[in-house]
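**Student:** In case you want the letters, here they are:
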Amino acid sequence: MDMNAYLSMFIDESNDHLQSLNENLLQLEGSPEDLSIVQSIFRSAHTLKGMSATMGFEDLASLTHEMENVLDLVRNSKLKMDSFIFDTLFKGLDALEAMVHDIVGGGTGQADVTSIVASLQKIVNSDYRSGMAEAAASGSAMQETSSAELGKALLDQFQTSIMMQSMESGHQPYYIQVTIDENCVLKAARAYMVFNLLEANGEIVKSEPTVQDLEQEKFDRSFTVFTISTASVDVLTEQISNISEIASVTVTPLDVESLNALTAAPAAAASAPAPAEPVQAAAPQPQAEQQVKKAPAAQAQSQQGGGVGRTIRVDIERLDTLMNLFSELLIDRVRLEQLASEIKRTDLTEAVEHMSRVGSDMQNIVLKLRMVPVDTVFNRFPRLVRDLAKTLDKKMDLVITGAETELDRTVIDEIGDPLVHLIRNSGDHGVEMPQERLAAGKPETGTIHLRAYHSGNHVFIEIEDDGHGINQDKVKAIAIKNGVVTEEEANKLSPDEINMLLFAPGFSTADKISDISGRGVGLDVVKTKITSLGGNVTVTSAYGKGTKFSVQLPLTLSIISAMLIKLGSEKYAIPLSSIVETGIIQRDKILNVHGNRMIQFRSSIIPLVSLSQVLESPDYDESQEQETEIIVIKKGEKLAAVMVDEFIGQSEIVLKSLGKYLTNVYGISGATILGDGYVALIIDPNALIK
Amino acid sequence: MGEELKVIVFALGQEEYGIEVDKVRTIERMSPITRVPKTAAFIKGVINLRGVVVPVIDLRGRFGLDETEPTENSRIIVVAVDELEVGFIVDSANDVIDIDSDTIESPPEIVGGIKAKYLRGIAKLSEGRLLIMLNLSEVLNKSEIIQLEQLEV
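Top to bottom, those sequences are chains A and B.
Okay, so the first sequence: first residue is 1 according to full-length UniProt numbering, each after it adds one.
Okay, so the second sequence: first residue is 1 according to full-length UniProt numbering, each after it adds one.
Quick caveat, the hints were computed from the structure, so don't treat them as lab data.
Source: prediction; values computed, not measured.
Ideal placement from N, C-alpha and C gives every residue a C-beta, glycine not left out.
Any given hint could be a false lead.
Interface residues of chain A toward chain B, partial, derived using beta-carbon atoms under 8 Å [what the hints assert, rightly or not]:
1. E328
2. E616
3. I668
4. I673
5. A680
All chains should be modelled from the sequences, with the hints used to inform the complete structure.
**Tutor:** Pasting the structure below:
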């Protein structure tokens with residue numbers, strides 16, 4: 001079978017499962033007693049194992065298998081989660097991610113996982129004994145039926161809640177002990193028959209030993225089952241006894257009290273007793289699934305009730321193709337409008353106008369299709385903050401708001417790294433050590449807020465910590481020491497300007513270089529990246545209270561507003577976002593400073609750039625003109641005036657790349673197709689300002 | 001008997017060249033080309049190929065032959081190799097033929113002034129016609145272009 005056809009599906013789904021594993025593990029770390037989370041983790045791991053085995057990624061499958069073993073013990077309350085297990089599971093997860101990544105890159109997904117597998121096996125084995133002891137304990141409980149002894153066969157909260165619910169719907173939960181005849185040869189087969197019978201009468205909630213162990217005859221002579229059924233005690237007893245080679249059967253009906261006792265009894269071993277309600281709230285999904293088993297017809301409904309969105313996966317390339325086709329249509333539309341206005345026939349004009357309106361609606365939808373919630377980037381940050389807190393020995397929480405805010409796919413792909421850097425920065429330099437925080441009268445645990453929201457044509461992402469804020473004197477001192485500013489300049493800076501020094505190249509306030517941040521190659525790279533996306537980053541801080549980084553991003557990168565200009569016979573586009581204003585200068589107003597041409601603009605002197613020279617224009621030379629049109633552009637704080645031949649006007653343009661063959665063309669950031677079908681190049685203003 | 005190859009035949013000057021059909025996306029008449037500044041001389045610019053911006057190179061210039069003004073017969077052959085999509089300006093493109101891969105012989109060092117590494121081989125057709133098969137990945141080799149650009153600067 002050709003697996004390649006399934007590879008992309010496998011990668012997508014693996015990533016989904018890895019992500020949900022990551023999230024659930026984090027959640028579980030927050031509430032280690034919640035077994036319903038373990039259930040969903042187990043399911044994800046199990047699916048992942050199955051998929052990788054099918055695809056032939058053996059290492060992936062075997063590592064998942066070992067993780068699953070550990071989770072299985074936890075799931076069955078035979079193992080309590082502790083930080084060692086969490087760390088090992090996280091490590092395993094990282095290894096899995098690396099393997100999937102390798103597969104994405106065309107590799108075989110092989111990796112040396114022996115050390116992780118060894119630690120996982122150690123976890124399983126060291127607990128194996130206590131697991132056995134527990135089984136033995138429940139074995140000895142067989143002889144008696146008092147509910148206190150029943151408690152040895154542990155029920156977790158989730159199972160209890162199912163049984164509670166079943167009672168409300170008129171079913172009766174039972175506790176059944178079955179002992180198989182001593183001379184029985186096929187014990188597993190007999191157990192299977194008992195299970196078959198019980199399943200025909202109702203639903204099995206739990207068995208001790210587990211079904212897997214029973215199937216492999218890993219039990220002595222007796223086993224116990226918690227089941228829900230509508231049949232009476234007598235009927236069940238009789239039916240089970242009718243199976244041959246069954247030595248004895250005890251069926252005990254359970255009521256609310258005994259159920260509560262069952263959950264309460266193992267409290268010391270497994271978890272604090274909790275009433276059914278919070279469990280229901282915490283575990284809507286597994287419960288829904290249980291109900292599905294009972295009534296398959298209700299499946300679709302309960303899944304929708306669980307909030308599963310109705311979506312399909314679409315290859316991003318197809319969306320790009322759609323976008324391309326649409327922009328072609330846009331070009332034709334402009335052409336049609338032009339023709340219609342020339343021909344001046346009313347019905348033609350009406351038809352064209354209607355098409356234009358439909359076209360605009362379509363443009364909105366096509367653009368929306370490319371929008372992705374920022375959650376796709378944010379979802380890896382809880383893990384990042386957790387690891388950060390561990391490495392730094394600090395305590396911190398990450399609070400995410402507005403994860404549903406949508407951004408263009410191209411922006412999303414680029415924004416991850418800068419955000420990682422800012423969050424690390426907040427964790428490392430912002431949040432203080434726990435004892436420092438307590439001394440400052442703050443809660444021991446620091447909080448990092450990550451917020452995203454829309455405003456106008458922009459999306460804002462804020463990273464705010466409640467740490468010690470920016471020490472402006474220190475910032476100034478370091479900036480002077482590192483030669484970013486002179487002492488004289490530093491004294492003139494406003495507080496905001498001092499904060500912005502953090503983004504200057506070669507600046508780092510960390511006293512010592514750490515793994516996390518502080519190599520001095522951080523925030524300036526962040527700023528460059530965000531600026532290249534057409535965005536902006538600012539920082540505000542209150543000393544002693546905290547720091548807030550605010551990142552402003554454009555909604556989309558695929559359609560931008562631009563100024564179209566002419567240079568002789570050639571047309572170019574300049575992004576409106578970097579244009580300050582346009583104007584005209586007289587030839588005699590051009591100043592010469594050290595051989596560089598400058599002009600006076602407002603109260604300052606700014607450099608004058610000849611676009612025709614930069615772009616080696618074949619048929620335009622501004623030096624022939626008495627007065628020249630200029631466009632003042634900005635790059636951060638710096639301004640420059642660019643001389644052009646003629647302004648054409650402002651227009652919405654569709655960004656196109658020049659293709660893989662032409663990369664890094666100086667001064668050109670891309671191309672667009674104009675209404676007349678010609679290609680116009682888009683000028684990169686950042687390249688024009690030194 | 002080797003495998004059958006379907007080949008698009010085009011002309012540069014007096015010689016006939018061949019590119020496998022499955023590498024060719026489309027053949028277009030000359031259309032307006034937008035010049036891209038600061039690129040190698042043989043890169044003529046970009047065209048709008050039904051909504052996609054495609055770079056165009058003059059194959060004569062690429063091979064170091066004298067460039068000529070485009071004529072009525074000039075065509076742009078758009079090829080796609082390893083995610084690269086590039087248009088070649090050729091003097092004319094007028095035939096699709098089947099050739100037997102066994103008839104392709106390795107090229108001599110220089111054919112019509114073109115270095116052998118750009119060539120996959122020479123196919124002998126009937127009536128003494130010779131067809132020069134191009135090695136597209138070498139023709140589109142970017143590292144060489146970068147070297148060329150550095151030489152020009």
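**Student:** Indicate, hint by hint, whether the structure satisfies it.
**Tutor:** Verification of the hints:
For E328(A), the suggested interface contact is upheld, since its CB lies about 4 Å from the closest CB of chain B, less than 8 Å. For E616(A), the interface hint holds, since its Cβ comes within 8 Å of a Cβ in chain B; the closest pair sits about 5 Å apart. Taking 8 Å as the C-beta contact cut-off toward chain B, the hint placing I668(A) at the interface holds, the least distance being around 7 Å. Contact between I673(A) and chain B, as hinted, is supported at the beta carbon level, the nearest pair being about 5 Å apart and thus within 8 Å.
Proximity of A680(A) to chain B holds as hinted, the smallest CB-CB distance being about 7 Å (cut-off 8 Å).
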